[in-house]
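These protein sequences, in sequence, are chains U and R.
Quick note: the first sequence uses this note's numbering, first residue 2, plus one each step.
Quick note: the second sequence uses this note's numbering, first residue 93, plus one each step.
Treat the hints with care, since some could be wrong.
[Said to hold, decoys possible] Stretches of chain R that chain U covers, calculated by requiring three or more beta carbons in the stretch to come under 8 angstroms of a beta carbon on chain U:
#1 369-382
#2 471-478
[Said to hold, decoys possible] Simulated pairs of lysine-lysine, DSS-like, Cα-Cα distance not exceeding 30 angstroms:
#3 Lys358/R <-> Lys379/R
#4 Lys156/R <-> Lys442/R
#5 Lys322/R <-> Lys26/U
#6 Lys358/R <-> Lys54/U
#7 Lys121/R <-> Lys358/R
#8 Lys26/U <-> Lys499/R
#9 Lys144/R <-> Lys358/R
#10 Lys442/R <-> Lys121/R
#11 Lys499/R <-> Lys54/U
None of these hints come from the bench; they were simulated from the model.
Don't be surprised by glycine CBs; every beta carbon is placed ideally from N, CA and C.
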Amino acid sequence: MRINCPYCGARGLEEFTYRGDATVKRPESIEESARDAWVDYVYLRDNPAGLHKELWHHGAGCHSWLEVTRNTVTHEITAVELAAKGR
Amino acid sequence: MRYSLASLITNALSGNRNWKPVWREPEPKPSYDVIIVGGGGHGLSTAHYLAKEHGITNVAVIEKSYIGSGNVGRNTTIVRSNYLLPGNEPFYEWSMKLWEGLEQDINYNAMVSQRGVLNVFHSDGQRDAFVRRGNAMRFYGADAELLDKEQVRALVPFVDFDNARFPVRGGLFQPRGGTVRHDAVAWGYGRSADSRGVDIIQNCAVTGFRIENGRIVGVETEKGFIGAKKVALAVAGSSSRVAQMAGLRLPIEAHVLQAFVTEGIKPLLDTVITFGAGHFYCSQSDKGGLVFGGDIDGYNTYAQRGNLPVVEDVAEGGMALIPAIGRLRILRSWGGLLDMSMDGSPIIDKTPVDGLYFNGGWCYGGFKATPASGWCYAHLIATGEPHPYAAAYRFDRFGSGRVIDEKGMGAQPNLH
């Protein structure tokens, strides 16, 4: 697997660290009422067989956080964006 | 038929032409008391213990491919009970005891070989951690011995004791651990369950669940609807996508673990050995090949194949521990799908759907658990109550904070 980093170009997997599902959102509230939402955020995952949006850190390159769209059945990568994009 | 010395001699003298298939290939009945989804080690052992220990024989095991086509035929065959935590160690020690009596129980040669499992350590801190682990094992009735460097040398003289970075200082040894012929576990449990009336239905994928008023009433399959009072999932790496068909979202990610086997050589390694400074474990098969593996690749995947960085990492671990391994060629490598749970420990529990049970989250340690997993799952299905040895393996431990974090690494599958 090679990831096409927007800054560095296509680089081997060994330069990157995986950080999992990019679609989970940290709850806004830290109140007890948001407990179930926190449990969902920390532990539960869709874990799809197919397209998966996921975070990778280019630790041996530009140190960017990337949001990669990858097919978990074929390992084909269809999109790589900066995770900070739009924020 | 029952295997015995007489049956072996009779069939040998008739040219081995009269052996019969050891399980039937039935068409599914309209309904069953229990349907087990997944004909791997855990599903088949569950069927065996349901029939034998609980007298529940109106059971079908439904498998999308052939039985034993998944992880029970892909692992590195190691069995051990060298766990630390109270939620785990009694369960794995019970599994070890079931392994010890397995072949008599199912009348099948599973080649259970208690050749020992040796975890070497390289530093004082690691020695202390292994002392603690060994004490925990002995506390729960398992066997553990702390070996010094010379005792390790007597077992495995070819290990790199004077490695500049990771000198071998000693090891934690579990003599009762070892290896088991993995395919034979699936075949033996399958044959035993079949002989007690369980229907093993192969090449029949489950395509959905029929749920009425919050209660399971059966499964949709490629061979049509099959009714069931209870449905029990045991689908390992496919847990999330099967459970999703019942509307469940799990604390599990699918990952891949690679394994390797070298060309066959004369007897070299007569125990199981693990490296303490990296992730590498190795044993020698009866065919002579060294069988070894290491870390998971570390990203979500359903591909049953891995990538090269982990191959390199495993090879480096092997070279650091057993330099002679560098003279061997790797014959084959392969990957298996893992149901990595968020704390590295399994789940054997009811689900929010009445009558639907779940067994999964075995991470990369499911093979050694096969007998106890089936034993405890059968108990849960038959009685509705968790077995005491598996009482901690519940879904709600994540929300309640009672995670069983054996490695002390936190809630993130790619750290295990």
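Tested hints:
no.	hint	in the structure
1	369-382	violated (count 0)
2	471-478	violated (count 0)
3	Lys358/R <-> Lys379/R	9 angstroms, holds
4	Lys156/R <-> Lys442/R	23 angstroms, holds
5	Lys322/R <-> Lys26/U	35 angstroms, violated
6	Lys358/R <-> Lys54/U	48 angstroms, violated
7	Lys121/R <-> Lys358/R	50 angstroms, violated
8	Lys26/U <-> Lys499/R	26 angstroms, holds
9	Lys144/R <-> Lys358/R	41 angstroms, violated
10	Lys442/R <-> Lys121/R	25 angstroms, holds
11	Lys499/R <-> Lys54/U	27 angstroms, holds
Violated hints for the displayed structure, listed by number in ascending order: 1, 2, 5, 6, 7 and 9.
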